Amino acid sequence: MISDKLRKVILSELDLDDFDFQDETKATEVPGWDSLNHVNIIIAVEKHFGIKFKSLEILRLKNVGDLQNLVDSKLNK
Amino acid sequence: MNINEVTNSNTLWERWEYNSIINPDKEAIIHWLGGEEPVRWTFKNLIDAAKKFSVIIRKWGIKPGEVCAIIIRHNPMFYPLYLGVLRTGALPAVLAYPNPRIHPDKFRQGIEGMSQRSGLDWILSEPDLEPIVKPLLEKKESTIKSILFPLEADLNNEFDQSIDIKISDDVKAIKNTQPALLQHSSGTTGLQKPVVLSHKAILEHVKNCASALELTDNDKIVSWLPLYHDMGLIAAFHLPLAYGITSVQIDPFEWVLAPTLMIEAISKEKGTLSWIPNFAYNILADKTDDEELEEYSLSSLRSVINCSEPVRHDSHEKFAAKFVKYGFNPLALGASYAMAETTFAITQTTPLTEIKILEVDRTALAEGVVKIANENSIKRICVSSGKLIDGCSIRIVDGDKNDLLEGFVGEIAVKSISMFDGYRNYPEKTAEALIDGWYYTGDYGFLYEEDYFVIGRKKDLIIVAGKNVYPEDIEDAVGKVANVVPGRVVAFGEDDLDLGTEQVAVIAETLLEDVKEKNNLRLEIMKAGMAIDMNIHKVYLVPPRWLIKSSAGKPSRNANKERILKRDDQQVWSR
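These protein sequence lines map, in sequence, to chains A and B. Just add 1082 to wherever you are in the first sequence, counting from 1, and you've got my numbering. Just add 146 to wherever you are in the second sequence, counting from 1, and you've got my numbering.
Any given hint might turn out to be false.
Unchecked claim - The following residues of chain B were derived to be distant from chain A, with all beta-carbon distances above 10 Å:
hint	residue
1	Lys172
2	Lys209
3	Arg247
4	Ala404
5	Pro405
6	Glu415
7	Glu438
8	Thr496
9	Ser539
10	Tyr590
11	Asp622
12	Asn665
13	Met676
Said to hold, decoys possible - Below, a list of computed lysine-lysine pairs in the DSSO-like style, where the Cα atoms sit at most 30 Å apart:
hint	chain 1	residue 1	chain 2	residue 2
14	B	Lys464	A	Lys1129
15	B	Lys346	B	Lys312
16	A	Lys1136	B	Lys252
17	A	Lys1144	B	Lys312
18	A	Lys1136	B	Lys464
19	A	Lys1108	B	Lys613
20	A	Lys1144	B	Lys433
21	A	Lys1087	A	Lys1156
22	A	Lys1136	B	Lys312
As the list claims (entries may be wrong) - Label-pair restraints from in silico Cβ distances:
hint	chain 1	residue 1	chain 2	residue 2	range
23	A	Ser1155	B	Ser357	48 to 56 Å
24	A	Asp1102	B	Asp300	42 to 50 Å
25	A	Ser1155	B	Asp436	19 to 27 Å
26	B	Glu182	A	Ser1155	19 to 27 Å
27	A	Leu1157	B	Lys700	47 to 55 Å
28	A	Ser1094	B	Gln716	54 to 62 Å
29	A	Lys1090	B	Asn666	18 to 26 Å
30	A	Arg1089	B	Glu596	20 to 28 Å
31	A	Lys1090	B	Asn548	54 to 62 Å
32	B	Gly259	A	Asp1148	33 to 41 Å
Source of the hints: derived by calculation from the structure; they are not laboratory data. Since the structure is predicted, the reported quantities are computational estimates derived from the model, not experimental observations. Cβ atoms here follow ideal geometry from the backbone N, Cα and C, with glycine treated the same way.
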């Protein structure tokens, strides 16, 4: 389940009003979320939650659910 | 290494085999994978595996001269497969594996258009692509004979010595003027122009490029560039392979997600040379984390060569400012001017020599005159793309193709010993661009004290992160979106100063007035872009008859771009 906070960060970075994010949603399904924008979204998420991701952690992300889990694991540390 | 000795080879295969004999255990290619041990191909192992692939290629019935499109993701077996195809005398043509967002029909149409144009005979790919490509094979007029899956082949069991000997004999008969490979002048699938290069063109280019780069046996190239792009294929793959030095190949998709991978690879493998488009300087400087970089060093780099996009001074400055503390020598900032039509480079800066920059008067430059800026000038900083490399010539010409003197801006026309013979099966495009042996690039630039500066372009081409995008493709897709007035769309490149590149912007006429409806239309336009694998960054909606027409009666890209970027028209809706 994607948290409202994460949803808002992504929507704001992509300048979208709304999108029906599911755990399985992949970046390629979201308008504006291309490979160039990906790094901006990751940085925006890091900044918003006050966390840092490692490159390998980013490479392993397959969908938005994975990103949510990674955020949660960082916040629970 | 003695360059003359290197240039004795007749064909690419002969050169590679020679390298594998004199340096069998030297690493040819290091296949880089994020978080995993790299796969290391020595010259000998690579050649041995390539021979095995060539036997399979021959067994499959692929004939010399036939074009094999290779559509494979980052995979260590790609390299021997490519070499194996070339050994048989067939022409490898590397194509991009489709991004998941591209609509299968659109991808298929692209391949179909390319097959009619380039005469693709075979597709060597992964099984995942079969359902997408298969309908194309069933078409009566298709040139494509079959889709084959070389990664599934059993190299050892399929090997047949008698076939290998036969291929070995055939190789000796190949002349160096014969076609070696087919590359596409970069662009979107529908409008890519196929360029066939001979063994001689590539080997001559390697010699001249190596000389300009002062290449030595100790050089090591690190690259994340896709191999369907001329910069990746020629500079970062053919050049090291033919010269007998190592290249490190990083997955482009992994790099863009985790740019630090390139720094890690340079540091761990002691890379000395790298080619990157301008936007990558910004990404590496702004989007990599110092905590992750702590353990890395860039002190081994002799040159990071900016190519495939206009070179921006501020991108170089921010890159140097960020990485100097990681051992990067600012003198290693380099640049090159290159294109598929001349195999690759025409100009090159000298490694570890300060790159020339010129502060010029922007107003005078707009009038075609290079005038060094004074205190009253609105300044523009131009960065040199280097000096001519051996075997190449440049003319700067006016609109009537008359030569201009040094210090005047004009179209760049080029000639090279490694020149293409024309676009394959595309006589009308060839006639447009290739006149009396000169290739008219459509780029604007000038010469100043032996250095060439590229400052703009005549064509409406958009360059997004080093990738050429033709506005026609986007206009065609957006023109079909409901509520867009058909034919009333203009696409253009808008500067993204943060990323140091251009982004795609679209102006579309619509009858819609309600803001909610306009928001929905914006989303639909972005989705239409996604279906052709284009990210439409900015959508401007305007009322009917807003777009300015050119004399030909079509909406003018330049005039409408200028009008929209004034940002003073209340009728324009965007967000």
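Hints versus structure:
no. : hint                               : verdict
1   : Lys172                             : holds, 29 Å
2   : Lys209                             : holds, 38 Å
3   : Arg247                             : violated, 4 Å
4   : Ala404                             : violated, 4 Å
5   : Pro405                             : violated, 7 Å
6   : Glu415                             : holds, 17 Å
7   : Glu438                             : violated, 6 Å
8   : Thr496                             : holds, 31 Å
9   : Ser539                             : holds, 36 Å
10  : Tyr590                             : holds, 26 Å
11  : Asp622                             : holds, 19 Å
12  : Asn665                             : violated, 6 Å
13  : Met676                             : violated, 6 Å
14  : B:Lys464 <-> A:Lys1129             : holds, 21 Å
15  : B:Lys346 <-> B:Lys312              : holds, 23 Å
16  : A:Lys1136 <-> B:Lys252             : violated, 35 Å
17  : A:Lys1144 <-> B:Lys312             : violated, 47 Å
18  : A:Lys1136 <-> B:Lys464             : holds, 23 Å
19  : A:Lys1108 <-> B:Lys613             : holds, 23 Å
20  : A:Lys1144 <-> B:Lys433             : holds, 20 Å
21  : A:Lys1087 <-> A:Lys1156            : holds, 15 Å
22  : A:Lys1136 <-> B:Lys312             : violated, 51 Å
23  : A:Ser1155 <-> B:Ser357: 48 to 56 Å : holds, 53 Å
24  : A:Asp1102 <-> B:Asp300: 42 to 50 Å : holds, 46 Å
25  : A:Ser1155 <-> B:Asp436: 19 to 27 Å : holds, 22 Å
26  : B:Glu182 <-> A:Ser1155: 19 to 27 Å : holds, 22 Å
27  : A:Leu1157 <-> B:Lys700: 47 to 55 Å : holds, 54 Å
28  : A:Ser1094 <-> B:Gln716: 54 to 62 Å : violated, 26 Å
29  : A:Lys1090 <-> B:Asn666: 18 to 26 Å : holds, 20 Å
30  : A:Arg1089 <-> B:Glu596: 20 to 28 Å : violated, 56 Å
31  : A:Lys1090 <-> B:Asn548: 54 to 62 Å : holds, 59 Å
32  : B:Gly259 <-> A:Asp1148: 33 to 41 Å : holds, 36 Å
When held up to the earlier numbered hints, the structure conflicts with 3, 4, 5, 7, 12, 13, 16, 17, 22, 28, 30 and fits the remainder.
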